[in-house]
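Here the protein sequences line up with chains V and A, keeping their order. At position 136 of the first sequence the residue is numbered 136 (this note's numbering), and the sequence of numbers has no breaks. At position 79 of the second sequence the residue is numbered 79 (this note's numbering), and the sequence of numbers has no breaks.
These aren't lab readings, by the way, just hints derived from the structure by calculation. A hint or two may mislead.
[Unchecked claim] What follows is a set of in silico ranges between Cβ atoms, one per label pair, in the way DEER data are often shown:
#	chain 1	residue 1	chain 2	residue 2	range
1	A	Val52	V	Gly93	35 to 45 Å
2	A	Gln76	V	Arg90	50 to 60 Å
3	A	Arg88	V	Val144	40 to 50 Å
4	V	Thr160	A	Ala81	36 to 46 Å
5	V	Arg90	A	Leu75	54 to 64 Å
6	A	Val96	V	Leu27	42 to 52 Å
7	A	Ala81	V	Phe148	36 to 46 Å
8	V	Gly93	A	Val72	43 to 53 Å
[Claimed, not checked] If you want the footprint, here are the derived chain A segments under chain V, 3+ residues with CB under 8 Å:
#	stretch
9	29-41
10	171-185
Glycine is no exception: its CB is placed at the ideal position from the N, C-alpha and C atoms.
Chain by chain, the residues run as shown.
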Amino acid sequence: MLSLYITIPLVTAFALLQDVLLSRVSLLGARPDLLFLAVVCWALLRGSAEGVVWAFIGGLVLDLFSGGPMGGLTLAYVVVAFLAGRQWGRELGSAAFQSLLLGLGLCFLFHVLLLLVLTWAGHPVAWAHSLAAIAAPSAVLNGVLAPFAHWVLRWLDRRTRPEGLVFDVRQPRYRSR
Amino acid sequence: MRSAFWRSWLPLLLFLLTLTLLVLHETQALRSVENGLQLVFAPLQRFTSTLVDRAGGLFHTARQVRELEAQVQQLQDQVDALSVENIRLQTFEAEVTQLRDLLGFAATNPTWTFMGADVVGREACAQAPCGEVIGQEPNPYLRYFTINAGAEEGVAVGMPVVAGGAVLVGRVAEVGPHTAKVQLLSDTASDVAAMLQQSQATGVVAGQPDGSLRMLYIPQDEPLEVGDVVLTSGLGGGLPRGLVIGQVAEVYRQDVALFQEAAIRPAVDYRRVGLLLVITSFQPLVEEGPETGVQP
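If we strip away everything but chain V, and leave its shape as in the complex, we get (with noise of 0.2 Å):
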C-alpha cells in the first residue's frame, strides 16, 4: 500500500485543486472532478482497499470545504472507489476501454448518491433536471478524462510499485518475478 506520508498530502492536493479551480469549470453543465479520477483510476490500478483510502481521505478534505452534510462526498466516494477496484470487466479490452467504461458508469452512480445523499439530509433535489443537465454530462466529461487519468497514475503506480512484484494489466494482482 502507497505510504499515507504520499497518500494525504497527494490526495489532499487532489481535492484543493477540485475545489479551488475545477469547481469553477462547468462544460455544458458537465463538471470534471479530479478527486474522481484519481479515486476511480487508482483503484483500478491497486485494487478497492488503496482506492477506498485516497476516497476517504479526499472526500473528507471536499466535505470540509462542502455546504452539504458532513460525509456526503466521502461516502460517495467510498462507494465508487469500492466498486472500480472489483474485478470487473476485465476481459473487454485494454485498461483505457476499461477506465473509460468505468468513469463513464461509476460517476454517473456518484452523482446519484450525492443526490441520494442530499434528499436524505434535506435539502430539495430536481431529480430529473440534475441527472439530465449535471449527472449524465459528467459522466461523459469523466468518462473521456478517465484514460488519461489512468495513464498518469500508473506512472505513480509502477514508480511507488514495491520492488520485485510487477503488475499484470489482465489479471491485476501481484506476482514475484
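Position chain A against the provided structure of chain V, taking the given hints into account.
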C-alpha cells in the same frame, strides 16, 4: 496475513465510518471537530486559491490583451456601480414618495405619535467583515461560497451577505472560527421574501436547479414587466428590506393560474464575485437560522 485481513475489511470499515460521520454531522456532534479541521485546511485552501489565481494570470501573455481586459473590467465596474446607484436612487425616490404620504398621514392625524425606524444598518467595509471568496462548492448540486471571515470576526448564521454595494448574494449558513459558508440565492434550498420596486408587489425569490432565480407567488392582478427591479421585502424578519436582488428578465403569466412568476436576472454574476460584505448589524428574527431550512 494481517495485511490481507486489513485489505479485505478496510473498505467496509471506512464505509461504516463515513455513515457514522453523516449521522453525527446531522446531530451537530461533529461541530468542534469540523471547526478544528477547518482551522488547518482554510489556510491551505486560501494558499491554493492564490496560487491558482496567479498561475492563471501567466496565460495572458500579450500585453495589449491585458490592457484591453483591464479597460473592459474598469468599464464593467463603472456600469455595475452606476446600475446599482441608479437602482438605489430609484429606491430613494420611491421612499421619498412613501414618506411624503406618511407625512401627509401624520398631518391629518395630529393627535397620534410616530417613530421613524431604519431597518438596515449598512456598514462600511472597514467596519463590517469583508469576506473574500476562497473556495467554491465542490458538490455540483449545491451553491455555496466559503469566505475568509468567521465567528471570530463577528459573523453569525443568518447574516445577509452583499456584493457591489447593496446587492444581496446570499446568507451565512455555517460559521467556523475564521471561515463561513454562504448559501447563495441560487441554491435550490434558498427562498427569499421579495418585492417589486415599482408596484411593491410581494413574492418569493427561489433558487432553481439550473442556478437561475425565479420569483414566485406574485398576485395575478399586479402589474409585472420585464426590467422591473426586485428587492428584498423584509417580510418574515430574515433579511433587511430593500437589498437589490435583480431585475425581471421574463414574465410567466397564465390566466388559469393563481399567481404569476418571473425569471430574475441577478444584479451580479455570483460566479465572479470576489469580495463580499457581511451585514453584521442586522439580527435575523428567525432564530432557527435562515428561511432556507439550513440548520445553524
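Quick rundown of the hints versus the structure:
1. Range check, Val52(A) to Gly93(V): Cβ separation about 36 Å, and the 35 to 45 Å hint holds.
2. Checked against the given bound of 50 to 60 Å, the beta carbons of Gln76(A) and Arg90(V), roughly 54 Å apart, stay inside it.
3. The given range of 40 to 50 Å is respected by Arg88(A) and Val144(V), whose C-beta atoms sit roughly 48 Å from each other.
4. A beta carbon spacing of about 54 Å between Thr160(V) and Ala81(A) contradicts the range 36 to 46 Å that was offered as a hint.
5. For the pair Arg90(V) and Leu75(A), the supplied restraint of 54 to 64 Å holds, since their beta-carbon distance comes to about 58 Å.
6. About 48 Å separates the C-beta atoms of Val96(A) and Leu27(V), a value consistent with the hinted range of 42 to 52 Å.
7. In this structure, Ala81(A) and Phe148(V) meet the distance hint of 36 to 46 Å, their C-beta atoms being roughly 44 Å apart.
8. Taking 43 to 53 Å as the suggested C-beta distance range, the pair Gly93(V) and Val72(A) conforms, at roughly 49 Å.
9. With 5 residues carrying a beta carbon less than 8 Å from a beta carbon of chain V, the stretch 29-41 of chain A meets the three-residue requirement, and the given coverage holds.
10. For a cut-off of 8 Å, the count of residues in the stretch 171-185 of chain A with a CB near a CB of chain V stands at 4, and the three-residue condition holds.
Comparing the model with each numbered hint stated earlier shows that hint 4 is the single one that does not hold.
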